[in-house]
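Chains as they are written, first to last, in my numbering: chain A, 430 to 625; chain B, -11 to 106; chain C, 26 to 164.
Everything labelled a hint here was simulated from the structure, so no lab data went into it. One should not assume that every hint holds.
[Unchecked claim] The list that follows gives simulated cross-link-like pairs (lysine-lysine, BS3-like), each with its CA atoms no further than 25 angstroms apart:
no., chain 1, residue 1, chain 2, residue 2
1, B, Lys88, B, Lys21
2, B, Lys21, A, Lys509
3, A, Lys506, B, Lys88
4, C, Lys86, C, Lys37
5, A, Lys509, B, Lys88
6, A, Lys506, B, Lys21
[Said to hold, decoys possible] Covered by chain A, according to a simulated footprint, are these stretches of chain B (three or more residues, beta-carbon under 8 angstroms):
no., region
7, -4 to 7
8, 26 to 35
9, 93 to 105
Positions of the beta carbon are idealized from the N, C-alpha and C atoms, including for glycine.
In case you want the letters, here they are:
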Amino acid sequence: MIDVVVDIILLTFLATTSIAIMRMTNLFAIVMLFGIFSLLSAGLFVVMDAPDVAFTEAAVGAGISTVLMLATLALVKRPKEPYYDEAPRAHRAWLPLIVVTITGSALVYGTWDIPNFGSPDAPSQTHVARFYLENSMPDTGVPNTVTAVLASYRGFDTLGEVTVIFTAAVAVLLLIGGKRPKPALRSKDEEAQDEA
Amino acid sequence: MEFIIGHYNYWVVIVLMMVGLYTVISRGNLVKKIIGLNIFQVSVFFLYISLGTVEGGAAPIIAEGVKVYSNPLPHVLILTAIVVGVATTALALALVVRIKETYGTIEEDEIHNLDHSL
Amino acid sequence: MRPNLILHVIAKFVIPLIILFALYVQFHGDFGPGGGFQAGVIFSAAFILYSLVFGLETAEKIIPHHWLRILASLGVVIYAGVGIESLILGGNYLDYTLLGSNQIAGQHLGILLVELGVGITVAAAMLILFFAFAGRGRE
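One chain only, chain A, in its complex shape:
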């Protein structure tokens, strides 16, 4: 029972934080709130019995991605005050609000058919999950089923994920890896490109 109470409180916090992120205009505050958002998610993953995921979310979401976003803000800030504010939009965005409301209502209608949260006889619990839980120990001798599935049963998938991370690092190096070109030099390059 206490699980459900903690779960509901944390989820409410999470929804409130996300709405605050949406409504704020100071990017610095938004990035800090996003770090809090990630930490709350990590706590929720622990409540939902997923310690591996919580671990990753705490280290990645609250740590690395906040640092990367702060580094980006330092690079893209305005030359004079206010440094980090986003520009106000000229008009109120009614169309997105309508689109989002309609999509959201359709999705809520779709949840009617989902089995209750945590019900043990839901379709997702009865087929492949049971196979992994019963066979991973005799097959691999690794008690942590998540590691066994990650590295052994779905090894090909994980190889792909590692390749994606490697590719993303290569792409970031290609985009912003070198020293920043001097503005005058760059415009000359661009002229040469335009002529060519």
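Since chain A is already given, all that's left is putting chains B and C on it; use the hints.
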């Protein structure tokens, strides 16, 4: 009441998803758009982990005397998705940095005006 | 960078603990929560903390950039190499059973090597990302 408690997770997931989507399509600032995408992404993580939870279940680490475990498969998928997510977010942020260096702004409207005033 | 005594002392105390914890998470991932992805991120967090406190130049002296590039590709090569090794031994790609004397030993060795590859790539890739963004700010 049981229905509400049993579906509260999914409704919050939908709220987060829609907040992310709204931020992406209604805001002009590129960094804010990326944060909106990230919120959307986290909501998908919650959907998966919620579907994998079993009432009274333990974390999926096989131990003696434990009968009920939560579903390990969503954990595997989301674990890798989080790390891949930060790598792709970094790529998006790198693109934003390059846009700032080229256009001098990261507001969509101003970039649009610059493109069409040439 | 303005030296800050408290930050320096605390960082010197905390960074070895973070690295030790990362190694624990890496090699204990078979038995408790953890594994290559988490360990790699925690490991890189230690170095990011170091470069935030002691400055980017000092951090680059400890891990030069070309090392990071070699390490990032080395992890993928280890992972794919385990698969090719099991092909050579006559099994399917990434079938670890043939790596050891029996199935359990083979699977254990295979999972350990694969997680090591994941950890190396993730740690190096996260550091590459951080240094790329932080290095762009200097002229």
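Hints and how they fare:
For the given pair, Lys88 (chain B) sits about 15 angstroms from Lys21 (chain B) by alpha-carbon distance, which is consistent with the 25 angstroms threshold. For a cut-off of 25 angstroms, the pair hint linking Lys21 (chain B) to Lys509 (chain A) stands: about 22 angstroms separates their Cα positions. Taking the CA atoms of Lys506 (chain A) and Lys88 (chain B), the gap is near 9 angstroms; set against the 25 angstroms cutoff, the hint holds. The suggested pairing of Lys86 (chain C) with Lys37 (chain C) holds, with an alpha-carbon distance near 17 angstroms, which does not exceed 25 angstroms.
Of the supplied pair hints, the one linking Lys509 (chain A) and Lys88 (chain B) holds, its CA atoms being roughly 15 angstroms apart against a limit of 25 angstroms. A distance of roughly 16 angstroms separates the Cα atoms of Lys506 (chain A) and Lys21 (chain B); the hinted pair therefore holds under the 25 angstroms criterion. Three residues within the 8 angstroms Cβ limit are the bar, and the region -4 to 7 of chain B against chain A gives 11, so the coverage statement holds. With a cut-off of 8 angstroms between beta carbons, the region 26 to 35 of chain B has 5 residues touching chain A; three or more are needed, and the interface restraint holds.
Given a C-beta distance limit of less than 8 angstroms, the hint that chain A covers the region 93 to 105 of chain B holds, as 4 residues qualify and 3 suffice.
The structure meets every hint from the earlier list without exception.
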